Amino acid sequence: MTIANGHYPDKEHIFVYNNAKTHLKRANGALSARHMPKFASKPDSNWGVDVNVRDDNGKPVYSPNGKPSKTKVHMEGATFADGTKQSLYFEPGHPQAGFFKGMAIILSKHGFIESLLEMTCKARGFTVIFIPKFHCELNFIEQCWGFAKHIYQQYPASSKEADLECNILAALESVPLDTMRRFIDAYKKGLNGKQAGWALKKYHEHCVLPECILRELYTEDI
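Going letter by letter, the sequence shown gives residues 606 to 827 in this note's numbering.
Note that these hints are calculated values from the structure, not bench results.
This one's a predicted model, so the numbers in the text were calculated from it and none came from an experiment.
Please note: incorrect hints may appear among the correct ones.
Label pairs and their calculated CB-CB ranges [stated by the list, open to error]:
no., residue 1, residue 2, range
1, TYR823, LEU782, 45 to 55 Å
2, ASN657, MET724, 45 to 55 Å
3, LYS675, LYS616, 37 to 47 Å
Straight line, CA to CA, 30 Å or less: simulated DSSO-like cross-link-like pairs of lysine-lysine [stated by the list, open to error]:
no., residue 1, residue 2
4, LYS664, LYS643
5, LYS675, LYS690
6, LYS765, LYS664
7, LYS675, LYS664
8, LYS647, LYS677
9, LYS794, LYS616
10, LYS727, LYS690
11, LYS754, LYS793
12, LYS754, LYS807
13, LYS616, LYS647
14, LYS806, LYS754
15, LYS754, LYS799
16, LYS616, LYS664
17, LYS672, LYS647
18, LYS793, LYS727
19, LYS794, LYS754
20, LYS765, LYS754
21, LYS690, LYS647
Built from N, CA and C at the ideal position, the CB exists for glycine as well.
Use the sequences and the hints to build the structure in full.
Written out as structure tokens, the structure is:
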């Protein structure tokens, strides 16, 4: 985001991501019905979200058996449609204060819970769009990956991690901005893989494809 604002400070930035788990990661205590018990917690076992324990530097703390140490935290509260907050745990003064209420008491229709990625981008004024799940491989992201992979395969083979990392970064940097724009335009016009390949070769000096591209493809029987 800092780079985008630095190069294009007067533009509106929209980031497009696929549905990889890393992109959909939510805050550790974010509202989620997964594994949420139906009934209220008992005094000897209060329900919460298991998260990794981290030291003052943000690094994971490991237990003697070598596994990451875990601790339970309260799940964040819910929000009704009118903006009213609802705690998932019994409030102070209740006989079970601090204990989880259970789905039978709290489950209701709530608003969409944003991912950490969306929250971070929104805080800086950036728009985030997610490509639908099980989307075709011809979308803009996959085409850029394909271009970068093609370049990467042309580098000399190496078993050194430093060389591999350098080659990957160089391959990613090699995707021209004009090519990205043509990928987006071809996808927007509904071209399939064969059609997109033909069009990108013919119009390699253009930022976008002409409006007559579908008629040309029909004439060429592609």
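Outcome of the hint check:
Look at TYR823 against LEU782: about 30 Å separates their beta carbons, and that is not inside 45 to 55 Å. In this structure, ASN657 and MET724 break the distance hint of 45 to 55 Å, their C-beta atoms being roughly 20 Å apart. A C-beta distance of roughly 43 Å is found between LYS675 and LYS616, which places it inside the suggested range of 37 to 47 Å. Restraint check for LYS664 and LYS643: not satisfied, since their Cα atoms lie roughly 34 Å apart, outside the 30 Å limit.
A hinted pair counts as satisfied when its Cα atoms are at most 30 Å apart, and LYS675 with LYS690 qualifies at roughly 28 Å. The suggested pairing of LYS765 with LYS664 holds, with an alpha-carbon distance near 27 Å, which does not exceed 30 Å. Straight-line distance between C-alpha atoms of LYS675 and LYS664 comes to about 13 Å, which keeps the hinted pair within the 30 Å bound. For the suggested pair LYS647 and LYS677, the alpha carbons sit about 15 Å apart, so the restraint of at most 30 Å is met.
For the given pair, LYS794 sits about 24 Å from LYS616 by alpha-carbon distance, which is consistent with the 30 Å threshold. Proposed proximity of LYS727 and LYS690 is supported: the alpha carbons are some 21 Å apart, at most 30 Å. With a C-alpha separation of about 23 Å, the suggested pair LYS754 and LYS793 falls inside the 30 Å cut-off, and the hint holds. Restraint check: the Cα-Cα separation between LYS754 and LYS807 comes to about 22 Å, which is no more than 30 Å; the hinted pair holds.
Distance restraint check for LYS616 and LYS647: the Cα-Cα separation of roughly 54 Å exceeds the 30 Å cut-off, and the hinted pair is therefore not satisfied. Distance check on the hinted pair: LYS806 and LYS754 sit about 18 Å apart at the alpha-carbon level, within 30 Å; holds. For the given pair, LYS754 sits about 18 Å from LYS799 by alpha-carbon distance, which is consistent with the 30 Å threshold. Annotation: proposed proximity of LYS616 to LYS664 is violated, straight-line Cα distance about 37 Å (limit 30 Å).
Of the supplied pair hints, the one linking LYS672 and LYS647 holds, its CA atoms being roughly 28 Å apart against a limit of 30 Å. Pair hint LYS793 plus LYS727 holds up; C-alpha atoms about 25 Å apart against a cutoff of 30 Å. Between LYS794 and LYS754, the direct Cα distance comes to roughly 24 Å. Compliance with the 30 Å bound is thereby established for this hinted pair. Note on LYS765 and LYS754: the hinted pairing holds, with a Cα-Cα distance of about 18 Å set against a maximum of 30 Å.
Restraint check for LYS690 and LYS647: satisfied, since their Cα atoms lie roughly 24 Å apart, inside the 30 Å limit.
Figure legend: structure checked against the earlier numbered hints; hints not met, in rising order: 1, 2, 4, 13 and 16.
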